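Novice: Letter by letter, the chains look like this.
There are 2 protein chains.
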Amino acid sequence: MTETLTVDLGNRSYPIIIGRELLGGGFDLSRYVAGSGCLVVSNETVAPLYLDALEACLGDKHVDSLALPDGEAYKTLDTLSRVLDKLVDTKAARDTTVIALGGGVVGDITGFAAACYMRGVAFIQVPTTLLAQVDSSVGGKTGVNHTGGKNLVGAFHQPRLVLIDTDTLGTLPDRELKAGLAEVIKHGAIVDADFFAWLEVNMEALLAREPDALAHAIRRSCEIKAEVVAEDEREAGRRAILNFGHTFGHAIERCQGYGDWLHGEAVAAGMIMAARLSDIGDDAVDRLTALVANAGLPVMPPGIGADAMMEAMGLDKKVVANRLRFVLLERLGAAIVTSEYDPERLAATLEAAN
Amino acid sequence: MTETLTVDLGNRSYPIIIGRELLGGGFDLSRYVAGSGCLVVSNETVAPLYLDALEACLGDKHVDSLALPDGEAYKTLDTLSRVLDKLVDTKAARDTTVIALGGGVVGDITGFAAACYMRGVAFIQVPTTLLAQVDSSVGGKTGVNHTGGKNLVGAFHQPRLVLIDTDTLGTLPDRELKAGLAEVIKHGAIVDADFFAWLEVNMEALLAREPDALAHAIRRSCEIKAEVVAEDEREAGRRAILNFGHTFGHAIERCQGYGDWLHGEAVAAGMIMAARLSDIGDDAVDRLTALVANAGLPVMPPGIGADAMMEAMGLDKKVVANRLRFVLLERLGAAIVTSEYDPERLAATLEAAN
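These protein sequences, in sequence, are chains A and B. So for the first sequence, this note's numbering puts the first residue at 1; every next one is plus one. So for the second sequence, this note's numbering puts the first residue at 355; every next one is plus one.
Treat the hints as calculated values from the structure; they're not laboratory data. Here the structure is a predicted model, which is why all the values come from computation and not from measurement. The reader is advised that the hints may include incorrect statements.
A few chain A residues facing chain B, derived, Cβ under 10 Å [stated by the list, open to error]: (1) Ala73; (2) Leu77; (3) Lys91; (4) Thr142; (5) Phe156.
From the three backbone atoms N, C-alpha and C, an ideal C-beta is built for every residue, glycine too.
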């Protein structure tokens, strides 16, 4: 069964289509390619698996393709340049469509290239990892990392379509599946206590990749993300709740130089730190910790040290006038963005986690 | 006398302030700097002349500055990286303001950096060349060149303010003053026959840098540009008329590898070619040619050859589905965007010009 959600952004609204057997020709993607040609950007891992299947959805459109090296370490301005060079080399015109086939790194770089090339061309997301399907492919945030911080350089550029073939999860390594579950858990924790409770019951089914369970988790995550993004596309306010766990998570990634832990793993440990900094009681923190642990995700940072974490948070994008802003929980299922936190509790949280 | 125009773009509207003795402390720019700090980006020519005078307008705001190498040849992704690195090095926060002090190259690169850093921070234009004052600082087009084409990589990012101190033209080399006049002539040719006629009468006064004449030319140019941009910010249609002369002009620049002729010089010769391709009669073409010549600008491309020009136009941004689109004149003072042109007349125009 194929389901369609909508990200409601006025004249930039777009569908998220979720189903099985969409790649390989089951879905007619050519309808979404406005001009005569497109560039599919993927990586060296995903292209051999799904590039042909994607091309089978593109009918008689002219298709160029580019496979980037795989990994967060390549999410750089240099790799962005490679995508832009490819667009130039293939003489891509203003009506070209750029398609991202892969995980969050491919989607973020490719979307940024689509945002910049000729000041913006059409863009389609075909996410093949759970993390990209439940989070990064929806909402229009694109960009690359900088030595100074993660996603420090980028653009808001909404896709025309997000096409999620859940069958692609069949080839996803276990570790990446789990990393995606971190963002699924996040969506429950910040917005939907019922969904959080559903995850507590169904984590085993998700890890066993039961299709119905995965489909529900993906759909509900996309619904939550679409709602939050529709309310606050450019993150002037509420959208920032989607960064729950990310201030700590990004600090972990920075200290590691990106590429040791997966993003979802850093977010998992970061969510527990953010929950400890929140005033939600031990029971709620314990429930979150148990769910993260049951998903096979880390509940503690990898021994970075409190001072290094603090320093790494100094250039987090959520710094406003040198005062840290955190996404905290009011309870499981409700989050707020605030700089009203207890500094001692922050120090204790950092010490306890290291 | 200080005058204020408005670029009307809803919640992204902004003022253009035009006057004398604004730099040096005559204008309080600190009111437009939302946060505590700003980065002024200039170049090695302009910074020694006006950086101190700009800082005098910034009160007690924290000011960092960066001087880029001077010239179109440096309008590249590498230079963009330098600006981004500076923002990171100075730990610029989300509420930072980036100020461009210089000509079109500085404004375009700096605006693009402001668009990308943390997916968009505040931006102010302080143009110091005639070309930047009458054209590139208004309208939100930012970007850099690529070997494949001019401004091929960029973003739409509107400034918060355009501050034009016409006294800065006192230090502008004659050749650059004339290059700026090309865009002034363009505004008359595409929108306002009366202004075109005014330019025919007042070209000598403009070349003599008479302040009242310059002030009128700048004000009327900004009004025309602001009107066109307000109607069509993202260049879905009418805004493209501002590219009159630019399809040919960009081809000239590409063939030269950027940096031999100034942009305005290439546009000057390009406008005459576009007028010849238009069906406006010999008298109108002669009037435009005479005005361009009287401004001390080239009326012919520099012997590139018709074939090289054609090839260079192959990847122009105005290519749609491999069909060239041109901005043509219906008469002096009225332009249209069309792909309905006579191919033989195009061939003849290219031959005649080489």
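Novice: Of the numbered hints stated previously, which ones are contradicted by the structure, given in increasing order?
Specialist: Hint 1 contradicted; others consistent.
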